[in-house]
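**Q** For reference, the chains in residue letters:
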Amino acid sequence: MPDVTLSVNGQDVTQQVEGRTLLVDMLRRGLGLTGTHVGCDTSQCGACMVLVDGAPVKACSILALEAEGTEVTTIEGIAAPDGTLSTVQQAFQDYHGLQCGFCTPGMVVSTTALLSENPKPSEAEIRHWLEGNFCRCTGYHNIVRAVQAASGQEPAGTKAVEAN
Amino acid sequence: MYDFELARPTTLAEALEMLAEEGSDPLSGGQTLIPSLRARLAMPERLVSLMHIDELKGIEQRGDALHVKGGTTHAQLVHGAYDIFPGLASLAGRIGDPAVRTRGTIGGSVANNDPAACYPAAALATGATIHTSQREVAADDFFLGLFETALEEGEIVTGVTFPIPQASAYEKFIQPASHFALAAVFVARFDTRVGVAVTGASEDGAFRWKEAEAALTEDFSVAALEGLSLPEQGLIADVHGGADYRARMAGVMLRRAVAALA
Ligand SMILES: Cc1cc2nc3c(=O)[nH]c(=O)nc-3n(C[C@H](O)[C@H](O)[C@H](O)COP(=O)(O)OP(=O)(O)OC[C@H]3O[C@@H](n4cnc5c(N)ncnc54)[C@H](O)[C@@H]3O)c2cc1C
Ligand code: FES
Ligand code: FES
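Just so you know, the protein sequences line up as chains X and Y, in that order. Going left to right, the first sequence walks through residues 0 to 163 as numbering that gives the first Met the number 0 numbers them. Going left to right, the second sequence walks through residues 0 to 261 as numbering that gives the first Met the number 0 numbers them.
Any given hint could be a false lead.
Said to hold, decoys possible - Not everything, but these chain X residues come out facing chain Y in the computed CB check (under 8 Å):
hint: 1; residue: Ala-54
hint: 2; residue: Gly-100
hint: 3; residue: Trp-128
Stated by the list, open to error - Beta-carbon label-pair distances, calculated as ranges:
hint: 4; chain 1: X; residue 1: His-95; chain 2: Y; residue 2: Arg-192; range: 53 to 61 Å
hint: 5; chain 1: X; residue 1: Ser-6; chain 2: Y; residue 2: Glu-152; range: 32 to 40 Å
hint: 6; chain 1: Y; residue 1: Asp-140; chain 2: X; residue 2: Gln-152; range: 44 to 52 Å
hint: 7; chain 1: X; residue 1: Thr-41; chain 2: Y; residue 2: Gly-22; range: 19 to 27 Å
hint: 8; chain 1: X; residue 1: Cys-136; chain 2: Y; residue 2: Gly-62; range: 24 to 32 Å
What the hints contain is simulated information worked out from the structure, not anything from laboratory work. Note that the structure is predicted; figures quoted are calculated from it, not measured. Glycine included, C-beta positions come from ideal geometry on N, C-alpha and C.
The shape of chain X in the complex, shown without the other chains (with noise of 0.2 Å):
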């Protein structure tokens, strides 16, 4: 079986895997990072969003062969290594942008990368970059508010929602 070089949260990786490995599994299964979900088998679904060099992708839809060289950033590499949240992982939980959380890890990656390349994204440009992120519990209301107040901006609606 071929190997595999790859930069996984700013840690060199080698693994074997075969042509047909996906990425996802290969973080999931061979290194054991399983905060990155598998919701669908359409790649559609973006539970399995992942930075690669930076840009969102789905990891259930690249061979991990073709991620040779790249750095790739899991859910597990976005909070600071203490375990503080990130900006967007905080104002997730401070505006209740997960229920069952499923989606969640994909959710905070789409919207590291979105704010990333658009710091200060609006209302209708969130929509539209998180709508390869489906969720299944929230209805994206809260979702959105988060990333309103992540991006330092005041967030839609009413504030009953707001964190105490």
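Place chain Y with the ligands on chain X using the hints.
**A** Using the frame of chain X, we list chain Y with the ligands on its own:
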């Protein structure tokens, strides 16, 4: 997913040599191919990745046309075409979602010819030329129906040259579960002609709407489209919408595009 070997050539010549061998298929961004492999809809012995070939990447203006190399991703096109052909950049920026745009390529999209793919509409409306590893084919002669193109075995798309219109607009009515078009219309306005193409609506894939082209070439206005509608014959009818609905939506998208440009 069945196992296969992955080859990662770095030159076009090497890739073509590999693809000439039995059981080898090209892999670009994988945004269509990987899900179909996961569904066991294909069983290649070897995939030849085109993603590590520098000569297949890039965007350049060639006279009055924009040349996009086959391995250019949708995301690269959004930025690279923004100043030169904003209508195409806008189309690319609405393909799927950001992750699909990070990986998916124009070559893969054009070669796949999904009946709801976006680029074929722009290619047909502008009168683009598809460049392959062997020849150049006019868009009109390249797209041959549902997932069918003029490509032969082992032949790959190396680029697309789009004549740059004076103005253009792409109106896409999305099917929100897939983000593909339920019906979408690309309108390209040139000095002496207008190109109109529809995607997402027909069982035969994207097609030129010639009656709309004629009416708009005569008089570029929404009023000129009075009474014009798409025949339901051959339109897709599925759980997302009937043929009548798609015909109607294509008409709405056409009028919106023209209104945006008139
Ligand atoms: C959730 C989702 C939403 C999407 N929404 C849209 C949308 O709104 N509009 C749209 O247009 N598309 C959409 N797509 C499809 C996307 O644009 C794909 O990227 C594209 O269709 C295929 O390009 P690829 O580079 O990923 O090709 P691949 O998936 O790698 O390959 C597709 C096929 O083409 C062949 N192939 C690849 N490259 C070449 C080449 N250069 N020459 C010849 N054959 C080649 C492969 O062997 C394969 O059969 C969506 C995809 C997903 C997963
Ligand atoms: S698991 Fe990757 S998109 Fe659903
Ligand atoms: S919080 Fe349950 S899927 Fe989003």
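**Q** So, for every hint listed, does it hold in this structure?
**A** Outcome of the hint check:
A distance limit of 8 Å between C-beta atoms decides the matter here; for Ala-54(X) the minimum to chain Y is near 4 Å, and the interface restraint holds. Because the closest C-beta pair between Gly-100(X) and chain Y is about 20 Å apart, greater than 8 Å, the hint is violated. Checking Trp-128(X) against chain Y by beta carbon gives a least distance of about 6 Å; that is within 8 Å, so the hint holds. Judged by the Cβ atoms, the range 53 to 61 Å given for His-95(X) and Arg-192(Y) holds: they are separated by roughly 54 Å.
Distance hint check: the CB atoms of Ser-6(X) and Glu-152(Y) are about 38 Å apart, consistent with the given range 32 to 40 Å. Separated by about 50 Å at the C-beta atoms, Asp-140(Y) and Gln-152(X) satisfy the suggested range of 44 to 52 Å. Thr-41(X) and Gly-22(Y) have their C-beta atoms about 25 Å apart, which keeps the hinted 19 to 27 Å range intact. For Cys-136(X) and Gly-62(Y), the hinted distance range of 24 to 32 Å is not satisfied, since their beta carbons lie about 53 Å from each other.
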